Structures are given as C-alpha cells and as structure tokens.
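Position one of the sequence shown corresponds to residue -17 (the working numbering), numbered consecutively onward.
A hint or two may mislead.
As the list claims (entries may be wrong) - Computed cross-link-like contacts, BS3-like style, restricted to lysine-lysine with a CA-CA straight-line distance of at most 30 Å: (1) 35 x 69; (2) 203 x 187; (3) 44 x 1; (4) 69 x 25; (5) 163 x 137; (6) 203 x 189; (7) 25 x 41; (8) 137 x 203; (9) 69 x 137; (10) 213 x 167; (11) 47 x 35; (12) 47 x 34; (13) 213 x 203.
Simulated from the structure, these hints should not be mistaken for laboratory data.
Note that this is a predicted model, so its numbers are computed, not measured.
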Amino acid sequence: MRSIWTGSIGFGLVSIPIKLFSAVQETRLDLDMLDSRDHAHIKFQRVNENTKKEVPYDKIVKGYKYDEDYVIIEDADFEAAAPEKSKVIEIESFVDVVSVNPMFYETSYYTEPATKNNKAYALLLEALKRSGKAGLARFVLRSTESLCIVHPVEKVIMVTRIRFAQQIRDQEDLKLDDKIKVSEKELKMGLALIDQYAEPLDLSKYKDEYHTELMNIIEQKAKGKRPTIKKLKPKAAKGDDLYDQLMSSLKTKKGA
C-alpha cells in the first residue's frame, strides 16, 4: 500500500505522527471504452476550447468562476485556507461509536505510526478500545475538508470519513404515509421473523458474486464459448395479507 497523506493525530496536547493508507479497494471491473467497429481504444483529450489543441497536463490549473472571470487556485491556496487541518487530524470530542448513523459513513483509511515504537499511538488505540468511544475530528484531504471519526479496529487506529449533516437530504421531500397503522399481531410476527434471521455479523461470508459471475462470462467469451445465462426462477405468488406473508416467511426454512 502507498501512503496518501502524512500528518498527525492531535489528541489533547499529544501529537501522533501518522501516515494514511486507503483501507478499501474497488471490485468493479476496469472496462475500457472501444469503437464498436474495430475495437480501437477510445482516448480522451484535454482540449483548449479556444485553440482546439490538446493541453499538456503540466499546463492545467484549477480555477473558480467569479464575476464572469476565473480566479486561479494554486496548491498553496488550499493549504493557506486551513494550514492546521492540512497536516493535523485534530480530535475535537469523543462520541459513542454506535451513535454515528451508518448513512453518514463515507470511506475508511488505515493509519500507521510515522515513527517506530510510538507509545502515544499504542495509548490512543487501547484507550479507544476500552472506552468504546471514537474521536470526532476534521481534516483536509485532497483540497476538501472532511469530518471523520477516529476509531480502533483490531491493531489499527482507523480514520473513517463521514458526511456533514448539511450533505444529508431532508426526509420531508419524500412522500411518506405516516397514517398507516400496524396491528400488534403483525408487529409481533415481524419481530419473530427478525429474531429467526438474527445472527452474529460475519461479513467474510459475503462475496461480490456479481463480479465473479461477470469475470466467468468474460473468460468464457475469451475462449470463444457462449456463456450460459442463468434464468430467474419464478417465485410462488404470495397473498396480499401482510400477516399471512409473515407467517409464511416464518415457516420457510432460512436460506432455502
């Protein structure tokens, strides 16, 4: 893995030098765009709209349109906007990990101590484990300010970016019917169904099956074979009565 950010975690008056590494990787297939007539690779060019000529990458700058003109933003400007946040993940408070709604989560990063035998790193890791808390912090990554939580996962302190509240759309825009009433009998059946399917979380059991099947199709086509397309099995129609559907679900063997 290659470090994508270097800086430190600020923990009170303690500063812990760290490196950030992406903790996730995509399983999407890297598909190229081709011309259907001869399968030639499609190239994208950075073209100057005035001269119609391609622009070398080292001549490209970033600009913000302001009053019909552009203000050029340089790397130093991004850092000048918040120099401390560009180099420090400053923990502002500690919160219960379970209090963070999953809809706020974005992506996670591993941290690695930038120095050997870093006692402060080990201390923060163990303190977070024992307290069940996560540090709430802000920092700047790739010219964007991010809210994040600092939390332990096994032997590592993780930094997980989370969304700001202003990025979550208001539920009032949804057309929801809050006048629907659920009977106590239906609710008990629903709780029984949840209990029947309840089990300890083990994400290692779940694989990206779509990716595997698509790769299988690609490999068959590469060998000149016609891939076998699985047909969807029609499911038996269930009645419209919610209670009957729940009852049938309870009688159906899990995983069948």
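Contradicted hints - numbers only: 1, 4, 5, 8 and 10
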